[in-house]
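Take these sequences, add in the hints, and give me the full structure.
Protein chains: 2
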Amino acid sequence: MQATIRFAASQGIPVVARGAGSGLSGGSSAVDGGIVLSLENMRDMTIDPLTRTAVVQPGVFNAEVKAAAAEHGLWYPPDPSSYEFCSIGGNVATNAGGLCCVKYGVTADYVLGMEVVLADGRQVQLGGTQVKDVAGLNLKQLFIGSEGTLGVITEITLRLVPAQRPATTLVATFSTLDDSINAVLAVTSSMRPSMLEFMDNYTINAVDDLTGMGLERDAAAMLVIQTDEPTEHAAHEITLIEQLCQEHNATDVFSTSDADEAEAIIAARRMAIPAVERKGTLLLEDVGVPLPRLGDLVAGVEQISQTRQVPIAVIAHAGDGNTHPLLVVDPTDEEQQQRAQLAYGDVMDLAVRLGGTITGEHGVGRLKRPWLVDSIGEDALELNHRIKKALDPDNILNPGAVYDLHR
Amino acid sequence: MQATIRFAASQGIPVVARGAGSGLSGGSSAVDGGIVLSLENMRDMTIDPLTRTAVVQPGVFNAEVKAAAAEHGLWYPPDPSSYEFCSIGGNVATNAGGLCCVKYGVTADYVLGMEVVLADGRQVQLGGTQVKDVAGLNLKQLFIGSEGTLGVITEITLRLVPAQRPATTLVATFSTLDDSINAVLAVTSSMRPSMLEFMDNYTINAVDDLTGMGLERDAAAMLVIQTDEPTEHAAHEITLIEQLCQEHNATDVFSTSDADEAEAIIAARRMAIPAVERKGTLLLEDVGVPLPRLGDLVAGVEQISQTRQVPIAVIAHAGDGNTHPLLVVDPTDEEQQQRAQLAYGDVMDLAVRLGGTITGEHGVGRLKRPWLVDSIGEDALELNHRIKKALDPDNILNPGAVYDLHR
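Just so you know, the protein sequences line up as chains A and B, in that order.
Counting from 1, one number per residue, gives the positions in the first sequence under UniProt numbering.
Counting from 1, one number per residue, gives the positions in the second sequence under UniProt numbering.
Don't read these hints as lab results, they were simulated from the structure.
All residues carry an ideal CB built from backbone N, CA and C; glycine is no exception.
Treat the hints with caution; some may be incorrect.
[Said to hold, decoys possible] Far from chain B, some chain A residues (derived; all Cβ distances over 10 Å):
| id | residue |
| --- | --- |
| 1 | D32 |
| 2 | Q130 |
| 3 | S257 |
| 4 | Q338 |
[Said to hold, decoys possible] What follows is a list of derived Cβ distance ranges for each label pair:
| id | chain 1 | residue 1 | chain 2 | residue 2 | range |
| --- | --- | --- | --- | --- | --- |
| 5 | B | P49 | A | A30 | 42 to 50 Å |
| 6 | B | P49 | A | R6 | 50 to 58 Å |
| 7 | B | G377 | A | Q164 | 30 to 38 Å |
| 8 | B | A3 | A | G377 | 16 to 24 Å |
| 9 | A | A63 | B | E232 | 43 to 51 Å |
Listed below in structure tokens is the structure:
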């Protein structure tokens with residue numbers, strides 16, 4: 001690892017670190033004349049139940065960390081939808097999110113320390129094993145989500161928490177988008193659900209086509225809401241959620257504390273992307289907006305879909321304002337592909353106009369690089385450049401990802 | 001604000017940002033020929049209950065944020081012991097901790113975005129209002145805990161959470177340090193208490209001298225443990241905590257869900273520093289170690305106290321391994337003062353040897369600067385320097401704090 005980077009540095013050869021390759025923004029794509037440094041064989045992992053920590057190499061899958069923690073009655077919360085086939089190194093490099101973030105936070109909230117190899121081949125430990133440590137700048141947090149542009153993560157110390165309590169899951173359908181969004185706001189301002197997912201009509205139908213599970217195909221939207229509070233309190237919360245959904249004209253509400261039934265419901269949500277993918281080639285968006293603007297975003301995306309004549313399915317981690325509009329493109333229709341590219345930009349422009357972000361959890365990578373300046377502003381981008389140059393002056397680490405810097 | 005920094009930058013005059021001046025590491029002390037930029041009059045604050053956020057200027061006190069949030073049934077968790085007289089700007093600049101961090105995390109976990117003035121006088125927005133945002137480097141996290149060395153924070157967007165549930169509080173005393181530390185480990189590996197505080201014999205006596213509240217004066221240690229789980233589950237947890245304390249030979253255990261009784265117990269803990277201060281001039285330590293080394297730290301501090309002939313009282317946020325050894329110095333004894341300086345360094349050396357940090361929540365400031373390199377290592381320190389130079393090339397922002405850089 002260090003030898004590779006030292007060699008690359010001495011020759012000025014680009015190095016692109018790559019974990020499981022499940023990223024959606026092109027952050028680990030090879031570059032011309034560069035080295036792709038695969039981390040898939042770095043798979044050591046140890047769990048310490050006493051301190052509730054895991055020391056993990058980057059190639060271990062997220063699901064494997066969860067499983068190893070579970071053996072000790074512990075839980076590693078972050079749960080990207082791809083958790084069964086994404087690596088923990090990639091999760092840290094992109095600060096990956098997921099479904100439970102609405103209550104339990106993102107990857108960064110669980111990283112206590114890491115070992116990274118810098119652009120000059122030096123290996124350095126950032127952070128350690130403690131929640132509280134303010135000695136010097138928080139470099140650990142700077143490297144989390146840096147998408148391989150500042151260093152290559154070779155080991156991660158993760159914080160684990162006690163096992164999640166059994167959850168109660170509720171599914172509600174709505175005949176208008178407005179009703180569903182208002183229900184989201186009513187729920188999030190009344191409690192902290194452990195999951196609050198949204199699927200629009202297009203997605204509902206795509207999932208039902210694929211699974212035949214009998215979803216309400218004429219619903220405008222479906223919400224999947226979960227609480228994992230202790231039994232008595234969960235009952236209280238689920239009653240309240242049901243009530244809030246009814247108040248916002250839910251056409252159907254169903255709740256269950258049966259684990260298998262709940263899993264079937266959540267599986268429907270997890271099937272959303274593969275299901276929509278059956279309808280065409282996908283361009284996946286990952287925009288986030290402040291919650292009160294969620295309705296404006298969903299309505300705006302519908303408008304963009306009509307204007308650009310590209311079907312757009314919308315799924316969302318609605319509880320934290322992070323949405324995934326899925327642009328569905330006919331691979332044989334070149335004109336539509338061009339319109340889809342424009343629509344892809346339109347959606348990001350819309351999110352920025354609504355005070356949001358161009359990427360909530362997938363990263364900028366190569367796909368979203370042109371929009372970064374609009375998302376964070378020129379001054380913040382210039383600060384990014386200064387730090388990148390300070391840490392990787394020859395721009396050998398993942399050049400072309402995130403930043404448009406000359407080598 | 002911007003005008004001041006622009007002027008200072010043009011003239012090469014140092015600028016030290018200062019909030020409420022409650023810091024314990026000399027991070028906001030004036031420097032010769034420099035400007036002290038007081039933020040105490042920047043006191044605007046707005047709460048948005050719908051998105052559960054607070055937009056706060058740096059001069060607002062932590063307690064005022066808590067109070068304003070509480071008016072909307074919301075809670076801002078971070079609770080440094082100084083919460084009644086420390087400013088939120090200083091909290092962010094030091095990434096302040098407190099008592100509830102063991103379950104609820106530190107200041108950084110509640111900052112969604114901030115506005116900072118950079119070394120050249122530009123004002124820039126970092127982060128925003130969303131939990132999920134991965135567009136570019138996480139500059140917001142880099143600035144949190146940077147102790148005024150990278151920029152001056154002029155506005156902060158904080159995440160609020162639903163009001164804390166009523167807590168049940170338990171106090172237990174032990175006749176040996178070992179028993180008390182083993183009880184800490186037993187509790188933290190079985191659940192997540194919302195508070196787990198430790199006071200040693202010296203502190204117990206100092207508090208009892210001041211308050212006459214009848215603490216067990218011959219106990220080696222006292223633990224204050226709290227759970228804020230929902231009623232039924234709290235009862236279960238408090239029974240388990242009681243049992244674990246008994247198993248580790250607690251001499252006395254008392255628990256209460258009465259708010260006033262609990263407040264009296266916690267007040268005893270909060271009185272610790274003022275009470276010990278009655279015994280002499282204090283040198284406050286802030287070292288943290290991985291939990292399994294907590295016993296070694298406490299025993300090692302006792303050893304240092306004997307070797308250097310300086311009384312050291314130990315209080316600790318035991319649940320997260322963050323301890324505050326308090327060196328008690330006779331202000332008329334110059335020789336002891338010198339020995340105390342050595343002991344102060346000894347304690348940090350010990351923490352580093354045990355795999356810990358020289359500062360868990362107070363910051364490096366000017367007092368701990370000489371020990372930073374031992375705590376984080378030369379390579380990480382060099383990365384700190386590179387970033388500092390990239391963002392403040394003329395070293396006008398808080399020179400002499402954290403880093404030993406030439407101007």
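Hints the structure fails to honour: 2, 9
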